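**Student:** Residue numbers (the working numbering), protein chains in the order written: chain U, 3 to 140; chain X, 64 to 501.
Keep in mind the hints are simulated off the structure, nothing from the lab. Quick caveat, the model's predicted, so the values are computed rather than measured. Virtual Cβ for every residue (Gly too), placed ideally from N, Cα, C. You may find that some hints are simply not true.
Straight-line Cα separation of at most 30 Å, DSSO-like style, residue types lysine-lysine; simulated pairs [stated by the list, open to error]:
{"id": "1", "chain 1": "X", "residue 1": "K171", "chain 2": "X", "residue 2": "K192"}
{"id": "2", "chain 1": "U", "residue 1": "K15", "chain 2": "X", "residue 2": "K440"}
{"id": "3", "chain 1": "X", "residue 1": "K451", "chain 2": "U", "residue 2": "K15"}
{"id": "4", "chain 1": "U", "residue 1": "K93", "chain 2": "X", "residue 2": "K440"}
{"id": "5", "chain 1": "U", "residue 1": "K32", "chain 2": "X", "residue 2": "K451"}
{"id": "6", "chain 1": "X", "residue 1": "K444", "chain 2": "U", "residue 2": "K59"}
{"id": "7", "chain 1": "X", "residue 1": "K490", "chain 2": "X", "residue 2": "K444"}
Selected chain X positions facing chain U (Cβ under 10 Å, derived; list incomplete) [said to hold, decoys possible]:
{"id": "8", "residue": "G421"}
{"id": "9", "residue": "A447"}
{"id": "10", "residue": "D450"}
{"id": "11", "residue": "P452"}
{"id": "12", "residue": "S483"}
Residues per chain, in single letters:
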Amino acid sequence: MPITQISIFVENKPGRFAEVATRLARVQVKILAFCIADAGDFGIIRLIVDRPEQSIKALEGFAKSVNQVVVIPITEQTSVAKIANLLGSKKINIDYAYTSAIPIDGNLALILRVNDTEKTEKILMENNFKVLTQKDFG
Amino acid sequence: MESQTSFYSDIERINRKELEDLQLKKLRSTVESLYDKNPYFGRKLRQAQVKPSDINKLEDLSKIPFTTKDDLRINYPTGLINVEMDKVVRFHVSSGTTGDPTVVAYTKYDIDKWSELNARCLNMMGVKKEDVIQIAYGYGLFTGGLGIHYGAERLGAAIIPSSAGNTKRQIKLMKDMGVTVLACTPSYALYIAETIIQEGLNPKKDLKLRIGVFGAEPWSESVRKRLMDNLLPEPYDIYGLSELCGPGVAAECHIKDGLHIWADHFIAEIIDPKTGEVLGPDEEGELVVTTIDKEAMPLLRYRTRDVSCLNLEPCPCGRTHPKISRIKGRNDDMLKIRGVNVFPSQIEYVLARIEELGDQYQIILTKSGPLDDLKVKVEVKPNAVSDKPWDIIQLKKKVENEIYSVLNLHVEVDLVEPGSLPRSEGKAKRVLDLRGLS
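This is chain U alone, in the form it adopts within the complex (with noise of 0.2 Å):
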């Protein structure tokens, strides 16, 4: 089951990733994964939420996008490495990857943006790597 990200457009000027942060924290919503990509002007910030739907709600008036990520914890015997060589080797594209801001579950994880979302899913599965669902966020 692939992860919610939310991508939030943001101008690139002092106070906006505050004024998105602060908005989460007002409705106790944990971000456990960020990343800003800058693009001149603006930037857009992507985020792992425990709880998607306030988030969204909390988020209103902002330009944002939903999407699904993979979402895979990293251990000694999952490094990032293996994951990207498996994933390069059937052809998954990666588009951007980052990695959470704490542990979940456990583990810190690798969050992947990717061309085929199920697809890849399917394939780390297939070769013993663990996926995390939307409840394991609890």
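We have chain U already, so just place chain X on it with the hints.
**Tutor:** Below, chain X alone, put in the same frame as chain U:
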């Protein structure tokens, strides 16, 4: 078509020849009255060596000198009033969009005629006595609120004189009172539409809005489409100028291809703003209007600074009064950027056509060296972004390319967050001029 048209007054379909005879008669008496009674206009006419007896055909109008906003300023506050002061029953003061405010005066007769013109306009748009009309133009010194108010009252519609502002209350009233007609500036209409959606309402299901009476600033066909998609099915353009009376000078009929200008009250000309030469039908230039049925403050060949053109072809609606094209902008709004003439309305036209963009934009003028430069800031729609910056850069490029294809000018576009640009409850300020600061 004509059989479907409901006329408020038979004068709307009087034949062209009779209409022109009437215009000539009224023009001549206006010139006579100013020549004899108004020291300022009297002197101007004498200087130009025009006597009332020289006005024998409508073309003779071109002998008369123009009146400009400066003439109004020189005569501030009451120098152009052509009746005894005790006949004046009202003053309005122009909003001062450009420079100092100017005072305009009305007699009882003027107010009565102004009401009739607005009734004709509203009737032409399909407003009926069964309608509930919310007037969200400013009431007060501005002519917008009261002008439409008198017209709606004349038709017998039920008026909610909400004036501008307090948008959430406006929406509550629309919903609770079953409002069917909304009158306001088009920029405020867009803001109201945005707020309706924020309030969780669906304008098509939760509101009964049918007709929009939108004027006091130029707006484009793509904004009409947005208003149709997001607010109400029948948005109409209405034109006016406080110097001439206020709203009600001209308006669209159901054909929506130009605005009928009431020829029994106004003579419209289009001139070349540089040479003053009168242009032919369908040539674009500055709209010049002579009032021929006003008591308190008649104006001869008033230069509106609005850019339009005149269409004398018969209209399928059956009205014989000529049409002016939708106003493209004010002469003084025209920006000259790297040798290219740009009207803000042309930029608006491009932006409003692009699905992913919101309704709010700002044109920022700066100086780069000796040249003027412009940049456009436009809000994206809340649901129209991607998680990938590249997609958004592509959107920015698309907007820049579309502007280039219309204006032949490379303009830098900044996409900004929804809600970040100032909203307007009256006339929108779309151009931010920073040239003096750089």
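**Student:** Does the structure break any of the earlier hints, and which numbers would those be?
**Tutor:** As far as the earlier hints go, only 4 is violated by this structure.
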